Amino acid sequence: MSEPGANLQYAVIGELVWVRVTGRANCVLAAEFLALVQQFRNAGRRRFSLDLRECALMDSSFLGMLGGLEQDLGSGNLQSGEYALELVQASERVAELIRSLGLDEYFKLLSADREFPDQWIPVPPSTSHISHADCSKMSLQAHEVIVQLNPANEPKFRDVMNYLKEDVRRLEEGEGQ
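If you count by the numbering used here, then the sequence shown holds residues 13 to 189, one letter each, in order.
Note that these hints are calculated values from the structure, not bench results.
Every value quoted in this text rests on a predicted model; they were computed, and no experiment measured them.
C-beta: ideal position from N, C-alpha, C; glycine also.
Be aware that a few hints might be false.
[Stated by the list, open to error] With a cut-off of at most 20 angstroms between alpha-carbon atoms, the simulated SDA-like pairs for lysine to any residue come out as follows: (1) Lys177 to Ile142; (2) Lys168 to Leu183; (3) Lys149 to Ile133; (4) Lys177 to Ala145; (5) Lys120 to Glu98; (6) Lys177 to Pro163; (7) Lys177 to Glu108; (8) Lys149 to Phe128; (9) Lys149 to Ser138; (10) Lys120 to Gly80; (11) Lys168 to Glu156; (12) Lys149 to Asp71; (13) Lys149 to Gln160; (14) Lys149 to Trp30; (15) Lys168 to Gln153; (16) Lys149 to Met173; (17) Lys149 to Phe169; (18) Lys120 to Leu28; (19) Lys120 to Glu108; (20) Lys177 to Leu28; (21) Lys120 to Ile142; (22) Lys168 to Glu98; (23) Lys149 to Lys177; (24) Lys120 to Trp30; (25) Lys149 to Ser103; (26) Lys168 to Asp71; (27) Lys120 to Asn162; (28) Lys168 to Lys120; (29) Lys149 to Leu46; (30) Lys120 to Gln83; (31) Lys168 to Arg105; (32) Lys149 to Pro129; (33) Lys168 to Gly114; (34) Lys120 to Glu185.
[As the list claims (entries may be wrong)] Computed Cβ-Cβ distance ranges for the label pairs, DEER-style: (35) Ile133 to Pro163: 34 to 42 angstroms; (36) Leu122 to Val172: 23 to 31 angstroms; (37) Pro167 to Gly56: 23 to 31 angstroms; (38) Gln51 to Glu178: 40 to 48 angstroms; (39) Arg182 to Ile133: 33 to 41 angstroms; (40) Tyr175 to Arg53: 12 to 20 angstroms.
Generate coordinates for the entire structure from the input sequences, incorporating the hints supplied.
Okay, here's the thing in structure tokens:
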């Protein structure tokens, strides 16, 4: 279940799926976001715009998940200037995180005024709680993506990734919850 105040809403306009991210975008919200995206992918949709006007904070786990998703959905289209994910009106704090990790070339960052959907459909919070093990695995994968996309990030995230690897190993062996 996502943090209080953190939620997702969506709208479909033509071939484009809009997703509004509200609150703190972290590992838990990333799991809900991926489930939503998978539903649309199963329906043949491959272009997404994220309305980040109300996204107070985006942690590296959520950002790494977005990087992996862009790589998966984009299928190498970045060289031609096509993106599967547009990040619209990110706060300066979120935009700075993306730039500081050297990931701004992997996303179409839009700060200009855009026409947003009038009607949004709330995504019900997941009734199941993402397990500590699943969150650790997702976070590890996200950080590995960040390092893969920009190897200069490896020293920044080395300790985090080592901790997460150990955490995943311990949890898989049943030592923790």
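Going down the list of hints, with the structure as the test:
For the hint linking lysine 177 to isoleucine 142, the alpha-carbon distance of about 18 angstroms falls within 20 angstroms, and the restraint holds. Restraint check for lysine 168 and leucine 183: the C-alpha separation of about 24 angstroms exceeds 20 angstroms, so the hint is violated. Taken as a hint, the lysine 149 and isoleucine 133 pair is broken in the structure, with Cα atoms around 29 angstroms apart against an allowance of 20 angstroms. With a C-alpha separation of about 11 angstroms, the suggested pair lysine 177 and alanine 145 falls inside the 20 angstroms cut-off, and the hint holds.
Of the supplied pair hints, the one linking lysine 120 and glutamate 98 holds, its CA atoms being roughly 5 angstroms apart against a limit of 20 angstroms. Simply put, lysine 177 and proline 163 have alpha-carbon atoms about 18 angstroms apart, close enough for the 20 angstroms limit, and the pair holds. Under the criterion of a C-alpha separation no larger than 20 angstroms, the hint pairing lysine 177 with glutamate 108 is inconsistent with the structure, at around 27 angstroms. Proposed proximity of lysine 149 and phenylalanine 128 is contradicted: the alpha carbons are some 34 angstroms apart, above 20 angstroms.
At most 20 angstroms may separate the alpha-carbon atoms for a hinted pair to count; lysine 149 and serine 138 meet this at roughly 18 angstroms. The hinted pair formed by lysine 120 and glycine 80 meets the criterion: a straight-line CA distance of about 14 angstroms does not exceed 20 angstroms. A hinted pair counts as satisfied when its Cα atoms are at most 20 angstroms apart, and lysine 168 with glutamate 156 qualifies at roughly 12 angstroms. Between lysine 149 and aspartate 71, the direct Cα distance comes to roughly 15 angstroms. Compliance with the 20 angstroms bound is thereby established for this hinted pair.
For the suggested pair lysine 149 and glutamine 160, the alpha carbons sit about 16 angstroms apart, so the restraint of at most 20 angstroms is met. Taken as a hint, the lysine 149 and tryptophan 30 pair is broken in the structure, with Cα atoms around 27 angstroms apart against an allowance of 20 angstroms. This hinted pair checks out: lysine 168 and glutamine 153 have alpha carbons roughly 15 angstroms apart, not beyond 20 angstroms. Straight-line distance between C-alpha atoms of lysine 149 and methionine 173 comes to about 10 angstroms, which keeps the hinted pair within the 20 angstroms bound.
Between lysine 149 and phenylalanine 169 the CA atoms are separated by roughly 15 angstroms; this keeps the pair inside 20 angstroms, and the hint holds. Distance check on the hinted pair: lysine 120 and leucine 28 sit about 14 angstroms apart at the alpha-carbon level, within 20 angstroms; holds. With a C-alpha separation of about 14 angstroms, the suggested pairing of lysine 120 with glutamate 108 holds against the 20 angstroms cut-off. In summary, the hint linking lysine 177 to leucine 28 is not supported, as the alpha carbons are separated by about 36 angstroms, beyond the 20 angstroms threshold.
Only pairs whose Cα atoms come within 20 angstroms are accepted, and lysine 120 paired with isoleucine 142 is rejected, the gap being roughly 29 angstroms. Between lysine 168 and glutamate 98 the CA atoms are separated by roughly 26 angstroms; this puts the pair beyond 20 angstroms, and the hint is violated. Proximity of lysine 149 to lysine 177 is assessed by CA-CA distance (about 8 angstroms); at most 20 angstroms being required, the pair is judged to hold. Distance check on the hinted pair: lysine 120 and tryptophan 30 sit about 14 angstroms apart at the alpha-carbon level, within 20 angstroms; holds.
Restraint check for lysine 149 and serine 103: the C-alpha separation of about 27 angstroms exceeds 20 angstroms, so the hint is violated. For the hint pairing lysine 168 with aspartate 71, the CA-to-CA distance comes to about 14 angstroms; that is within 20 angstroms, so the pair holds. Taking the CA atoms of lysine 120 and asparagine 162, the gap is near 17 angstroms; set against the 20 angstroms cutoff, the hint holds. At roughly 24 angstroms between alpha-carbon atoms, lysine 168 and lysine 120 are farther apart than 20 angstroms, so this suggested pair is violated.
The suggested pairing of lysine 149 with leucine 46 holds, with an alpha-carbon distance near 14 angstroms, which does not exceed 20 angstroms. Of the supplied pair hints, the one linking lysine 120 and glutamine 83 holds, its CA atoms being roughly 13 angstroms apart against a limit of 20 angstroms. A distance of roughly 18 angstroms separates the Cα atoms of lysine 168 and arginine 105; the hinted pair therefore holds under the 20 angstroms criterion. Among the hinted pairs, lysine 149 with proline 129 is inconsistent with the structure: their alpha-carbon atoms are about 34 angstroms apart, more than 20 angstroms.
With a C-alpha separation of about 12 angstroms, the suggested pair lysine 168 and glycine 114 falls inside the 20 angstroms cut-off, and the hint holds. Straight-line distance between C-alpha atoms of lysine 120 and glutamate 185 comes to about 41 angstroms, which puts the hinted pair past the 20 angstroms bound. For the hinted restraint 34 to 42 angstroms between isoleucine 133 and proline 163, the CB-CB distance of approximately 39 angstroms keeps it satisfied. Here the CB-CB span from leucine 122 to valine 172 is close to 29 angstroms, well matched to the stated 23 to 31 angstroms.
In this structure, proline 167 and glycine 56 break the distance hint of 23 to 31 angstroms, their C-beta atoms being roughly 41 angstroms apart. For the pair glutamine 51 and glutamate 178, the beta carbons lie near 33 angstroms from each other, so the given range of 40 to 48 angstroms is not met. Here the CB-CB span from arginine 182 to isoleucine 133 is close to 39 angstroms, well matched to the stated 33 to 41 angstroms. The given range of 12 to 20 angstroms is broken by tyrosine 175 and arginine 53, whose C-beta atoms sit roughly 31 angstroms from each other.
Hint compliance for this structure: hints 2, 3, 7, 8, 14, 20, 21, 22, 25, 28, 32, 34, 37, 38, 40 are broken, all remaining hints hold.
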